Structures are given as structure tokens and as C-alpha cells.
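The lines below spell out each chain.
There are 2 protein chains.
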Amino acid sequence: MSNGPLRIEQYETVRYDLNCNPLGVPDSVTRAIMQNISAVGRYPDTYYEPLRNAIASYACCAPEHLVLGSGSSDLLRLFVALLAPKKALLPIPSATDYEHVLSVYGCETDFYELDINQDYHLDMDDFIAHLSDTYDIVILGNPNNPTSQLISKADIEKLAAACKELDIALLLDEMYIEFTENYERNTAISLVNTYDNLIILRSVSKFFSVPGLRLAYAIMNNETNMTIINMTATPNSISCLTAAACTAMLEDTAYIHESHSRIFTERNLIYSAMNTNKNLRLFKPSANFVLMQILKEDVTAKSLLAHCNLKGIVLRNCENFHGLDSHFVRFSIMNPMQNDLMVNTILELLR
Amino acid sequence: MSNGPLRIEQYETVRYDLNCNPLGVPDSVTRAIMQNISAVGRYPDTYYEPLRNAIASYACCAPEHLVLGSGSSDLLRLFVALLAPKKALLPIPSATDYEHVLSVYGCETDFYELDINQDYHLDMDDFIAHLSDTYDIVILGNPNNPTSQLISKADIEKLAAACKELDIALLLDEMYIEFTENYERNTAISLVNTYDNLIILRSVSKFFSVPGLRLAYAIMNNETNMTIINMTATPNSISCLTAAACTAMLEDTAYIHESHSRIFTERNLIYSAMNTNKNLRLFKPSANFVLMQILKEDVTAKSLLAHCNLKGIVLRNCENFHGLDSHFVRFSIMNPMQNDLMVNTILELLR
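Protein chains in written order, with UniProt numbering: chain D, 1 to 351; chain X, 1 to 351.
Just so you know, the hints here were simulated from the structure itself, not pulled from any lab data. What you were told as hints is all true, and nothing was included just to trick you.
Restricting the straight-line Cα-Cα distance to at most 20 Å, the calculated cross-link-like pairs of lysine to any residue (SDA-like) are:
#1 X/LYS278 / X/GLU348
#2 D/LYS158 / D/ILE189
#3 D/LYS164 / D/LEU83
#4 D/LYS311 / D/GLU348
#5 D/LYS278 / D/LEU347
#6 D/LYS87 / X/THR232
#7 X/LYS87 / X/ASP97
#8 D/LYS86 / X/MET231
#9 X/LYS86 / D/MET231
#10 D/LYS158 / D/MET124
#11 X/LYS86 / D/ILE228
#12 D/LYS158 / D/LEU131
#13 D/LYS278 / D/ASP325
#14 X/LYS296 / X/SER326
#15 D/LYS86 / X/THR232
All values reported here derive from a predicted model rather than from experimental measurement.
Pulled out of the complex, with its shape left as it was, chain D reads as follows:
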């Protein structure tokens, strides 16, 4: 034997913790960037008309109901700063950014604990019963992160109406909605025509796998808020390349269809492969990621992550989500061979 380094198997690092589409950056994005490089020499038009029209057509909303932002984190900050809520009601577990941004802007938060025995699904009637006019804002992820649970459009409408009655703003984060089956039926976008207290956040980072472009958009139908935003928000903060790339990508129906087909198939396969294992509990996913509880006492999220890291598999430890503990892990759905390796590697520790 040689005295060289030991031969170890090399694995590519795969980020199951970022929840991005496994198909990766659409070719339409690359093409649009190459074709529009010269636009960096010109000021973008402040209305971003082609981008705005592409979003309106993609999301089935009126162009004038759109607010553009540099990522969903940017829009979350914009709306919390704009609405200046004093008290919020948040279901937990949910995305850590909601609570963080609310607290930065001095908003007190009450938590509504989702029930693990209902697979963390939100019981809308019970949630509504907890509302009162002391609240100024409710923030919901739909599907929710990290639980991957979907709330029906009918339930969202019930909530929007109840919030409207109590003068509560409803911020609905649909960052992952396009990963759900028949998402056109799940999205609450059409409800903005009826409820002016409803604000829907959308991001392109996850579904189109372009987090480096920094684009998100919100849909709302509230003249007062829109007037303030038009006055105060920076008129042309989006780079011309981001605008051109996103305009092209939203019209890339081939990518959209292939994404759905890939993710729906893989989601079912992963769920079937893992769900019967008695050492773990899967919460049936609606989005492109899965929340899993480890039921084996001596395996923690931390030890499972360390084990998976050896094969380049990066999972999300969920212990910092309010309401979860050191036995929760989240992973997203990647490509077939990657998913096989991930499932097998997880099961090595939990068999």
C-alpha cells in the first residue's frame, strides 16, 4: 500500500436545508441574463412594466396590486414597518423570521401552539376563536415552514373575514405554494379582491431556485397602504438583470411543469419509503420539504445531521424553531438519486 492519504468516498454536497427546487436554475434565466447584460448601462424603469406584467399573468392578479421587493425578507420588513403592529398572533412552529422581524419593530407576539397530534395542521375555527381586537397582525405560512402543512383556501377566507372584522392585517406567506398540488386552487391571491386586510407574499427564490436574484412580490388591494408604499419605498431597487431573468422565467412553462412532475413523484416516493419506520414520524408534506420527528431516544437532530454530513447531505436541524425540540429535522425534496442516498443514510441511524 502507498503512504498517500486514505482513499475515502467523495460525495457532492447537497443542500436539503434550503428548500430550493432540485431542478436548479432554469435555462431561461441564464439565457435572459446573457441577452440583457447591456441593460446594466441603463436605469431600470421604475414601474418595471415587463416584470410586473409577467408576474400579474403568472400569479393571476392585477399589475397594480403588486409590490416588488428584494426577497421575501425585504417585503416582510416593509410590511411590518408599514403596518407598525403592536401585537401579533403567530402559530408555532413557523418560520423564525416572522417573530424576529416583529420583535425588531417592537411588536409583542402571542403564540398559538399547533397540535402535534393533529400533525401540526391548523384548526382554523379554534385559531379564529383565539383572535381578538387586541391583535394587529397575523402572519401565516401556507404551506407552513417547517411543518409543510397546507391550509385550504376556504379556511384562509374564513380567517381573512374574521381578521377584517377585528381590523387585523393578515400576512399570508405563500413562498412554497407553487410546490403544492393544484396550487392554483390553493392560492389565496383572488381573495385580495374581497379582503383589503389581506397581504400575500410570494418569492421566486424557492420554486425557481434563484435565491441569488433577490426578488419577491406581494399582492394586496389596499389603496391606503399602496399609496404609502409608492411614496416611501425605493422606486427602482431591483437590478435590471434580476428583472429580465424573472420576466423570462415566469413564462417558462416547461420548467414549471417539469418541476411539478419531479417533486410530486419524489415526494410520494420519499414518504412511502420512510413513513412506515417506527423510529421516526413524518408529517405528511404539502410543500417541497418534509418535517420529521426522531422517535429513537439516543438519536438527536444533531447526531443525525453529523451522520448525514459525512455523505454531503445537509439537513436542517429544527431545534431553533419555537415549539420544536432537539428531535426535529427538516429536509427538502431533491433529485431521485440524491433522495435515495438521503433516505438510506437517514434510515441507517433509525432502523
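Use these hints to put chain X onto chain D, whose structure you have.
Structure of chain X alone, referenced to chain D:
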């Protein structure tokens, strides 16, 4: 003769109204974008370390004194929102955006009229004599837009000290400073080490001719403000392509040198060619643009613009600048043949 359309001379449209570098988009920008397209699939690091280091090195400041933003308009809004001034003192004429943004955030503005008989140069001792502790903020462009007048670093230091004494924030907009001769001696960046009330705004849009990328930066040395900004500002609002392009471009010394050489030469030629004309008055420029007053009664900015438009020459009508009237025009310095055409076309009406 044929019955076809009349043969008319065709002119390329040249934007003398945007104040961008006539060399156009640096090749280093195009290259960096092509080489970094795959980065759109990844989240930018929230600190933007390579970009931050490139700016710090370019602008001779500490990386931790930098605030990044999506254009100077974005940073102006950020600082006005952060400082929440009640009363401002603005020299006029100056950039229209200052007064607009201050008023959007409910700040009352007093105007200090620059004296046309001093070529709109700011008399610093007199300006300081107008300060009082009723003011919360002073905003100055250096060089000032649209006057193209430069304030010496010694005068800026006097002002920063006087403002500090009165607890007034000094927002110094150096968007055009790199177009001045020996700009390293003119910039006030090193003064942030002494004056924590000084905030310097810089943009890359004008000097590097990349307004489509949307990047600006501010330099300040104020822990309280920096802490609030780090808490509230969106952590990763800049696209990865903008970050990569700007990092490369700030190190493109060939472009920087060629820009200086081109602009200094052309500025002198234009000034010499027009300055002796008795029907116009040029205010000796320090930046890459020139303010001109039309002294011929029957020619207005509007009629001169219409005349120039016929040859594709787009000038800036300055009548909407507070303190100017319908006889003021601003134009920037473009490339040699373009400038010859512009000068000749203007002189056609003013001879």
C-alpha cells in the same frame, strides 16, 4: 427623384441628462456577470464579504463602516427613515430627491439659497452661520447637482464639526466625487473617523455607468446607527450578479484611469469652446456635468431642448430645480465627437 420617404439625417440618441460616464459599462462588469451566472442558484452571504472588501479598498475605509444599498435613492430613504429628522437645512439648487424624500418622511425643510454671483459656490462660513440646534439634518451634494460645484475637504470638516456641536446629522452625497480631479483629496471619507454625525453616500451608477445594477454604499462610523441598521435593514437585498460585477469593477484601474483622462480633457474642451459666448453663462464644472444659464431672452431651456432633440441630444431642463428658472440647462460630458455635435448644436441657437 423617387417617391420614397424623404432622406433625413439619422442621429443616435445620446443621453446628456443622466450624468453617466461616457465610457459606458466596463468590460470587467460584463465578464464578471458571465462568469458568475451560476451564483443565481445560491443565497448571497449576508455580509457580502468580497464586495465589502472591494469597496473598503476602493474607498479607503473600514469594511465595518459600510452600509450597502440598492442605489443612492434607497440609502437616502434608509437614512432619513432612520434619523427621522424634524427639520432640515438644504442649499438650493440641489438634487430634487433630497427635498422630496425629506417631505415624504414628514421633515420640514428650510432652504439656503446659493448665490449665482458666486457661481453657486457654497460660502461655508455663511452657511454655518445659518445653522442652529433647531435643525436635525443637513444634506449636501459634493460636487453639488446641478451646479457641479465642489466644496473643499477643509470646508466639509468645518461643517461636520459645526454640525456635531449642534447635534445635526450631515449627509454628504459624494455620488459625483470620483469625477473631480484628485478626488482622493476631495473625498471626506476619512473624516468619519472623527465625526460620528457624518454619513457619506456613494453610488456606482454614475462613475461606472452601471445604473441598471442598483448599488450604492454609505460610509459612517456611528455604532448606534449601525446597530439599528443591522437589525432592521434587509440582510441580503443585493443580487449576486450585482455583487460580483461591482466587486470586479472597483478593481478595474484601467477603466478608472481612462475615465479620468477622457472626462478631464473633454470638460476643458467644452468649457473653453462655450465659455466665451455672451449668450450663455457656464458655471465652471468640477463634476462630469455642466450647469448652463441661457442669457438670450427668446431662448428657453424648453426651446433649446427641442432644438437639440432633433439631433438626438437629450439635455436636462433644470426649471424644476428649486432656485432655478426656465433658462437653466444641464448636460454631462460624453465622448469627443458627441460633445462636438452637442456644443455646435447648442451654439446654433445661442450664437
